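Listed in order, the protein sequences are those of chains V and Y. Number 469 in the numbering used here belongs to position 468 of the first sequence; there are no gaps in the numbering. Number 375 in the numbering used here belongs to position 374 of the second sequence; there are no gaps in the numbering.
For the record, the hints were derived by calculation from the structure and aren't laboratory data. Here the structure is a predicted model, which means the values were calculated and not measured. Hints are supplied without guarantee of correctness; some may be wrong.
Put simply, identical chains are the same to the list, so a pair is met inside one copy or across any two.
Claimed, not checked - Straight-line distance between alpha carbons at most 25 Å, and here's what the computed DSS-like set of lysine-lysine pairs gives:
| no. | residue 1 | residue 2 |
| --- | --- | --- |
| 1 | K318 | K216 |
| 2 | K399 | K127 |
| 3 | K101 | K150 |
| 4 | K229 | K449 |
| 5 | K61 | K22 |
| 6 | K318 | K196 |
| 7 | K20 | K61 |
| 8 | K497 | K314 |
| 9 | K318 | K440 |
| 10 | K139 | K101 |
| 11 | K262 | K497 |
| 12 | K458 | K229 |
Protein chains: 2
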Amino acid sequence: MNAFVAMSENPRIQQIIEKYKPIWALNHAFALLGWDLETYMPTGASEPRGFAQAQLTMLKQERVIALSGLISEAQKDTNLSENDKGVLRIVGREVDYYTKVPSTLIEQLQRTATEANVVWREARRKSEFSKFQPYLEKLVELKRLETEKLGYHGHPYNALLDKFEEGLTVDDVDAIFSRLVPRLKQILTKVTAEKRYPAHHPLESQKYEEAAMKKVNMDLLTLLGMPKENFRLDISTHPFTSSMAVNDVRITTRYEGVDFKEAISHVIHESGHAIYELQIDPTLEYTPLVNAPSLGLHESQSRFWENFVGRSKEFTKLIHPILRKNLPFVSGYEDDEIYRYFNMIRPSLIRVEADEITYNFHIVLRYELEKRLIAGDVSASEIPAVWSNMMEEYVGIKPGTDAEGSLQDIHWSSGDFGYFPTYSLGNVIAGMIFNRIRKDMNLEENIKNGRLIEIRKWLREHIHGWGGIYSPKELQQRIFGEVYNPDRLIAYLESKFLT
Amino acid sequence: MNAFVAMSENPRIQQIIEKYKPIWALNHAFALLGWDLETYMPTGASEPRGFAQAQLTMLKQERVIALSGLISEAQKDTNLSENDKGVLRIVGREVDYYTKVPSTLIEQLQRTATEANVVWREARRKSEFSKFQPYLEKLVELKRLETEKLGYHGHPYNALLDKFEEGLTVDDVDAIFSRLVPRLKQILTKVTAEKRYPAHHPLESQKYEEAAMKKVNMDLLTLLGMPKENFRLDISTHPFTSSMAVNDVRITTRYEGVDFKEAISHVIHESGHAIYELQIDPTLEYTPLVNAPSLGLHESQSRFWENFVGRSKEFTKLIHPILRKNLPFVSGYEDDEIYRYFNMIRPSLIRVEADEITYNFHIVLRYELEKRLIAGDVSASEIPAVWSNMMEEYVGIKPGTDAEGSLQDIHWSSGDFGYFPTYSLGNVIAGMIFNRIRKDMNLEENIKNGRLIEIRKWLREHIHGWGGIYSPKELQQRIFGEVYNPDRLIAYLESKFLT
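With the rest of the complex left out, here is chain V:
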């Protein structure tokens, strides 16, 4: 048992912390159940797994709602520490959610999403949007009902944004994209015209051996300083990070067997998420504070490591020996050529294949569609056509099939509306980190010399260590003196790609 757990001098907060322990334990179990589902669970075992998750969700719900009275009382207290306020904020949000959204609706959403997920897989395989359409309609209907139950100011989509990114509104996101999109278009046009970054590269069709790539990954993880005793790497269809505890964080990757920069990106991206979880102050363990404040902040870490560090000239040079040692076909390429391969710029139809510049176009498209779906301004049946037109508007190309269009992502089938924007927030915040961290260190020099520990330290001190004490906007204000400022990302991209 842990000798030290965060304490509060406020007796009500202390009671909340105590009563939160079984909720933490349920979250620990959820994390393991979810990780196992994607990694080792036998394929025929999804039914009991779903049953267990639903039952445990009800247990959690009950425990959260039971904190309602304590929360209301504690909210009257005036002399609260920062940590106390964090506890109140986080648990208050959970109580609020479970109190406002009836368990019948939660269950209906879960059940519909489970069915929709199966149908979506089939629809995507056959590239037939019409198969998925009724499920999308139903899910949108249920999500709209959820927004009504949750309540909102302004746009109903705000209620969904807030679930993943506390306090985020369509006004925030509109402001970000209205600044970001035209500038990204300018950058793209220029990069494409100047041809300094390739649209194609011979290495993207180069096949690799899984065993060799595993060795590359192991070396990368060592370079990134991932602790063997608190961390593991496994394989799953879609790479993800799962944290069971501050000292039990796991990532997954996949091996496509070709185009090795993707494999490298997966591992660096997920390690970015993992480093966040591993560096949360361990005294916050077992409390409501032992989480990142939002998905946007979490994604800023994976993006910062994957793109700002991982696709830099210095990093590609740093890992060149690792590549050469394990991947014989790399030997014919100079550092600069590897750098160019890592930074191919090419408008594409598929989000997960998009480069640093065009990635955000894929997000604004989904954001605009979700907003309209939830507002009722567009119906599910219109999605393929609207998608197609928007793709042309943002990326300049149209999908030939639904599979490479509106059926490409899992999110809608899981009922995760409001999630996509956090990917762009991740890019935006990573840009703010890039801007800010370089005031404290010579970032390029540290990367070049493999002193990644300096970057980890900085991130722990400024971001990770705080866990969920501050809301995403508060935390940004404290670190950067500004919130979701897209200009930092723009400046970085312009400097990287245009100078």
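Given chain V's structure and the hints, the job is docking chain Y onto it.
Only chain Y this time, still in chain V's reference frame:
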């Protein structure tokens, strides 16, 4: 979600079944948490894992105790089905345990066991019993307290036996061993004198490649009919079986790199446990009935497959092609020689290395010691000396060190007093199965022809399918018309080794 879950026409029982679902879900989580702990969990993550398990145990406890009223009411009902009675019996036992044993004692036992476990590992490594002694004293004291809380008729050890094997008493176990021990000694003396079964064999020092042994295991699992979609094999320090659900059952094994019969035994033994779990009637899923009635019955399955099937002439012949295909060094040996290697008979100091004949001597020794420890007739400090004398009495040899004496097993350090006897019950019941199944089929012929499915079917029909509907004694009475009869095991061993 499952469309069909066992229902009862009795509304109180139906309510119990409904309210048991979150308990089932917690058990599902416990199974996964435990499996992960032994297989994939990062080494530095045991503290949060222990914390989560303790918290979830408290949740379970609370849920179980909440069923107390419904149980008392339902017990008054007279028109109960067999399934209803099973539900009442099983949940009644759980309520009884958590009601009688205060949660403070459960927690103290868990905490002490966690500490004792660490100390035991160190003590065993250094072979110093004195290091472990104070923890053994403390654990015995707590277990005696537990017997007082639980209450018992006759010997206090009965309270502990009953936890693992419902209704088992020292009178039962004394009756078994007083019949078994002298006969086993006779068999051993004769086998040793006749030298028909070797005490040593060149294959026991033959090294093997892990990769080759994995292929053998895969072929064995196919032969045993283990379903890929509901089953997996992983690696852990000590082989075990874990069931998350009827269609999610997992076993583990280990690769010592030498003496391949051990590796084969592990996989067949654990598969025997797994087949039990996989063949419980799936309509019992999510109810209190979806478990074997006792450890003795569970062990009867692993022992039956490992020894009665796995060490038979027919089976060694059946798997000879698998061995030859994957283990080149086997090619020089005839079927009969492989059979002799699989059936080496040699009194040894280590329980887990013991053969079919001497194994039970190791159990009676532990049983006698536990009984005396719990009765206060022997103190922890006397254990090494008493152990040594008893080993000489039963097995004819004395341990040279504590590591190969009283420190060899993990059970005491985990507080599992009353567990050991179920190993011998497993052998005894396996003997009864061997006797009974041969009235319904030509067992040898089925093994010879690889028709193991016939054995699986018989076991499902007579044992597995019933789940926990009947108590261990009731179930035996129904199948065999007799209970824990050691004569069947004796007859089998005499026939195998003396004729």
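A quick look at each hint next to the structure:
1. Within a single copy, K318 and K216 get their C-alpha atoms as close as 18 Å, which meets the 25 Å cut-off; across copies the closest is 42 Å, which misses it.
2. Taking the shortest Cα distances, K399 and K127 sit within 25 Å of each other inside one copy (19 Å), while across copies they are farther apart (70 Å).
3. When the C-alpha separation of K101 and K150 is checked against a cutoff of 25 Å, the pair qualifies only within one copy, where the shortest distance is 6 Å, while the shortest distance between copies is 44 Å.
4. Proximity of K229 to K449 under the C-alpha cut-off of 25 Å is restricted to the intra-copy arrangement: shortest distance 24 Å within a copy versus 48 Å between copies.
5. Taking the closest pair of Cα atoms, K61 and K22 come within 25 Å of each other both inside a single copy (11 Å) and across two copies (14 Å).
6. Taking the closest pair of Cα atoms, K318 and K196 come within 25 Å of each other only inside a single copy of the chain (22 Å); across copies the shortest separation is 70 Å, beyond that limit.
7. For the identical chains of this complex, K20 and K61 are neighbours both inside a copy (12 Å) and across copies (15 Å), given an alpha-carbon limit of 25 Å.
8. For the homomeric pair K497 and K314, the shortest alpha-carbon distance inside one copy (10 Å) is at most 25 Å, but the shortest distance between copies (73 Å) is not.
9. Taking the shortest alpha-carbon separations for K318 and K440, only the intra-copy value of 23 Å comes in at or below 25 Å, while the best inter-copy value is 74 Å.
10. With identical chains, the CA atoms of K139 and K101 are at most 25 Å apart within one copy only, with a shortest distance of 20 Å there and 50 Å across copies.
11. Within a single copy, K262 and K497 get their C-alpha atoms as close as 19 Å, which meets the 25 Å cut-off; across copies the closest is 62 Å, which misses it.
12. Taking the closest pair of Cα atoms, K458 and K229 come within 25 Å of each other only inside a single copy of the chain (18 Å); across copies the shortest separation is 45 Å, beyond that limit.
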